[in-house]
Amino acid sequence: MVTVEAAVNRRTRGGTLARFGAGLGGWAWGLVVLVYLGAAVMAPLLAPYEQAVRVDLRRALEPPGPGEWLGRDELGRSMAARLIWGARSTLTVVTLGVGAGGVVGVALGMVSGLHHGGRFDAAATTLVDAILALPRLLVALLVVGLVGQSTQALVVAVGVASFPSFARLARGATLAVRQREFIVAAVALGATSVRILIRHVLPNVLDVLLPYTSLSLSTGILVVAALGFLGLGPPPPAPEWGSMLSSARSYLWEHPHLLVVPGCAVAVLTVSLSLLSDQFAGTRSRGKAVWIRLAKPETNSGRRGGTDA
Amino acid sequence: MRKWWIWGTVVAVLVGLGVSGAGWPAPAPRVLRVAEATDVVTLDPAFAADRPSHSVIGHIYERLMRYEYDPRSGGIRPVPELLRRLEVSADGRTWTFWIQPGRVFSDGNPVDAVAVKYSLERILAPAIGSPYRPLLEPVQRIEVGGPDQLRIFTREPYSSLGENLAAYQTAVVSPRAAGRLPLREFGRRPVGSGPYVLDEWLPGQQVVLARNPEFSGRRPWADRIVFRPIPEAAARVVALEAGDVDVAMRVPAEAVRRLEGRAEFEVLRVPTTFQISFEFNHRRKPFDDPRVRRALNLAVDRRAIVERVLLGAGKVPTGPAPEGVTYRVALGEYRYDPEEARRLLAEAGYPQGFSTVLWTPAARYGKDREVAQAVQAYLGEVGVRAEIRVWEWGAYVSAIARPEKEAGLYLLGVSIPTADWRFYRNFRSDAPTNYSGYRSPEVDRLLDEARATTQEARKQELYARVQRVLWSDAPYLFLYDQVLLVGVRRGVSGVKVLPIETVELHAARAQ
Amino acid sequence: MFRFVVRRLVLATALVCVVVVLVFFALRVVPGDPARLVAGEGAGEQEVRAVRGAMGLDDPLPVQLVRFLAGVVAGDLGTSLRSGRAVREEIARAFPVSLSLVASGMFLSGAVGVTGGMLAAVVAGSRSDRLLTGAAAVAASVPAFLTGTLLLVWFAGKLRWFPAGGFQSVWHLALPVATLVVSEGAVILRVARGAAAEVVCSEYVRTAVAKGLGSVRVLSRHVLPNVLVPVLALWVADFGRLLGGAVVIESLFALPGMGYLAVEAVRYRDYPLLQGVVLTLCASAVMAGAVGDLVAGLVDPRLQRGDG
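Protein chains in written order, with my numbering: chain A, -19 to 289; chain B, 218 to 728; chain C, -19 to 288.
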């Protein structure tokens, strides 16, 4: 039966099984992620780079079949090889870009949230909202103008495109937890902002941020795809998932494998990361439920929740 | 809490309804609907640069001449529209035009020599600032000789004046209307003498033309014509398939098989005057050596590119001017011969090849980056290691105009349909628009002479020689002539698409 | 609360001005010449220079800036270099298109996402939860043009239930909104699930359950406010971003909105139009953010009390 009561009971039941998740199924997704990382790192061992860039027009748009199990792209290059080698540049750029944007954004958002209503909060939030609204193309063009047409520029562009959402989300999540008892208590006890943020706020906002982070990677790849025509990133014929996705657009109907191959790669990675982050969060919250009970015994009796709502 | 969601949904629906305004329009009895890739920019002929604007201008205005396309011969030639008779003086400097009498603008004013003089002087006037002034540059003065007689005097003999007067930019505008409205306004409230008038223009949504009651020429079938901008190629095809439009311009090559597979649609394949090439940077070694240039032209398999990369939306060029350009001659294809290419390179002093930089814009010419990578691969096979640099169009246009640019070769297309204008712009030494830096005294001499000659036969011979010289001198890596694909609903007949990529519906009708 | 909102609005005006001025200068640093781009192929070099002068681009930068700012104060955002129409007019035409798309889309996304997310959180760990999470992850990683094209070809092309693009009636918005809901709804669902799961195990909810309150009541009165605050933050952020950022959807469905306008303005370096668009988008996003915070305060009164 789907009730909140059942959910709550399931969650707080202690025991070894509950501690480590419903079996190891959840952690299996981590293996998928490792495979991606492995492919990126071990690309030279898996397929020669030449295969990813050699043009063979006679075999252009060949569908998947024996020999080339993922087919060939619009210039006759091996989709499989391009996928493997593309993993390197795409994953690097997107991880760095989204990572940088995420770290900056979350830090900004958490500080804003903690000092909700203050000057810093007002200024930071307004600035974030303004940057958010700037057309991505314009921002990328400005980045190119300042940094030049390089992979660094692409990383910066992706970072700038991702950080505002992280900032806003982190701020919202911080607001939601900041009235919690243990935080109020920590403030009362005179802990510094940084300490509060890292020890008390961060663990709680992770539940909201982790799902978003796993999705933001795929968003990052799509941003890279959209910015491809600005000349950012590695110059052709270097393979890159984003540019593979955008050139596959026109071939959608006749030769879907051009889109399906990188699209599935991205989708599988996103799903794996999502389920993996859930697994991580699930383990933590089961542990946390115990921790709350242990940490604040005096608040357990007779409390009716901390709101008037 | 629940109230929020109800309230929110109501607001959202109201907002959607409120801003939708007109609601679904009821179809008029005889309407032709065309889907274009971009919106009309301006309907002021002196400023119109893009194809959709030209198409609409062709329906609202009339010109002294217009372009007629003969699919059999593949030629395009100017034929009279408002013109009744033309006399050119022996020295080629005085042109006397007689125009059709009795024509009226849609605002009732007569189309007379005064109006034509006004329209042409408009392009020349610095105060107006038309970018197309070079079209009529050698014109010294224009005189009205009678209600329908006009005389144009040129500084030097300028035999191309005739064909230039078929350009959309020379369309005849109503002096009363143009004089009364501020400059930018006229582009939105045009007054011409063509079979249609502008009925409604919702930017980004549609341009609607209605029948011009004052039009005295042959009545077209359609009461209304609607031009709709649908930027996404796939969406244009869907609109055609769904019956939302009758003609879909610029159908992507990938959708052709799907459309032709259905009986209700046909696909027109129109060769265009658009030729795409890699211009060589003659200011950089080794591109100043014709052997190197010829070698690179032999190194590329154009047939494979046209068939495999463009999927048939192109033709292998047979000369520096594609079908549809005036005075064009077919000279035969550059064959694919990498052996000969390597031999020529060795002879020129590059047995190991050399390195260079290749520039391409992105998202400007369909498949530009793919073509660039294919060419990079072909060049690699003969030892030329080209590093690709992709540019955004806005920055690209400025970058290629710089003489000191780093590129060894850069992708660019030309679509001008008249020989004089086209060759002059690109190949005349010291022409400001000659970005490649190509210099050939022979070509200069031939072009100057052709411009001055009034005898047709001599002119043809001169232009033929220009094309032969250019073809063997290879100032560019000539790649392909673009083929325009247009989807038409089978019930619609008489749709004319010109090699200059505009559509004419004057003779079109639908069942 | 009131003081906070006022402070936000004052700051907003100042910051938006700063951003617009920065963009003004940045635009002119970026390579590209509007005169050449607008004049097109076939234009003479001298004439392009003349066009540039006519566009007012030869004047010294500070003069251009003052002209622009003076115009803004007077309500005149300048004239588009490409179309010749008043920038104000172009924006007034494009903004409602984007607003209706994004407003409807985000409302539905929010409804779908929050409901789905809370339900998923309640059955967290079970197979249906994994399925839902996986589906949401897939939906969020599918590019918008794929979703949109599939919808367009199926529902407009084959089934003809909806028109194939344009902006003339509510029906024209159905497919674009659906495309938006698929990607945005998925993200909101995941975030809502995270927030709900986080609070379901708190002793706050356990107390409510122990008191014997029914599921629905617990969900709506105890879980929902906690979920809404972070979701609202994301919602507001995406709303602001999509107002000018739904280019793919606008271009696919031929909706002449702000996103498409911005892209065209960038492509042709139409400075006045771009400045006007940036000003409008920034102001709207900042305002949406302020409104969002207000709503969050109403949803969870604990937030009303801001620290100094």
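Since the hints were made in silico from the structure, they are not lab data.
Since the structure is predicted, the reported quantities are computational estimates derived from the model, not experimental observations.
Warning: the hint list may mix true and false statements.
What the hints assert, rightly or not - The calculated label-pair distances, taken between Cβ atoms and stated as ranges, are: (1) B/Arg726 to C/Leu(-11): 30 to 38 Å; (2) B/Arg475 to C/Arg201: 30 to 38 Å; (3) A/Phe100 to B/Arg474: 55 to 63 Å; (4) A/Val13 to B/Glu477: 41 to 49 Å; (5) A/Gly45 to C/Arg29: 51 to 59 Å; (6) B/Val248 to C/Pro11: 54 to 62 Å; (7) A/Val83 to B/Arg475: 52 to 60 Å; (8) C/Val46 to B/Arg726: 53 to 61 Å.
To be verified - From the structure, some residues in chain A lie toward chain B, with a derived Cβ separation under 10 Å: (9) Asp36; (10) Leu37; (11) Leu41; (12) Pro43; (13) Gly45; (14) Gly47; (15) Ala60; (16) Val119; (17) Leu126; (18) Leu210; (19) Gly213; (20) Ser227; (21) Leu232.
Where a beta carbon is used, it is the ideal one built from N, C-alpha and C, also for glycine.
- Message: Hint by hint, where does the structure go against what was stated? Just the numbers, ascending.
- Response: Hint check: 1, 2, 6, 7, 12, 13, 14, 15, 16, 17 fail, others pass.
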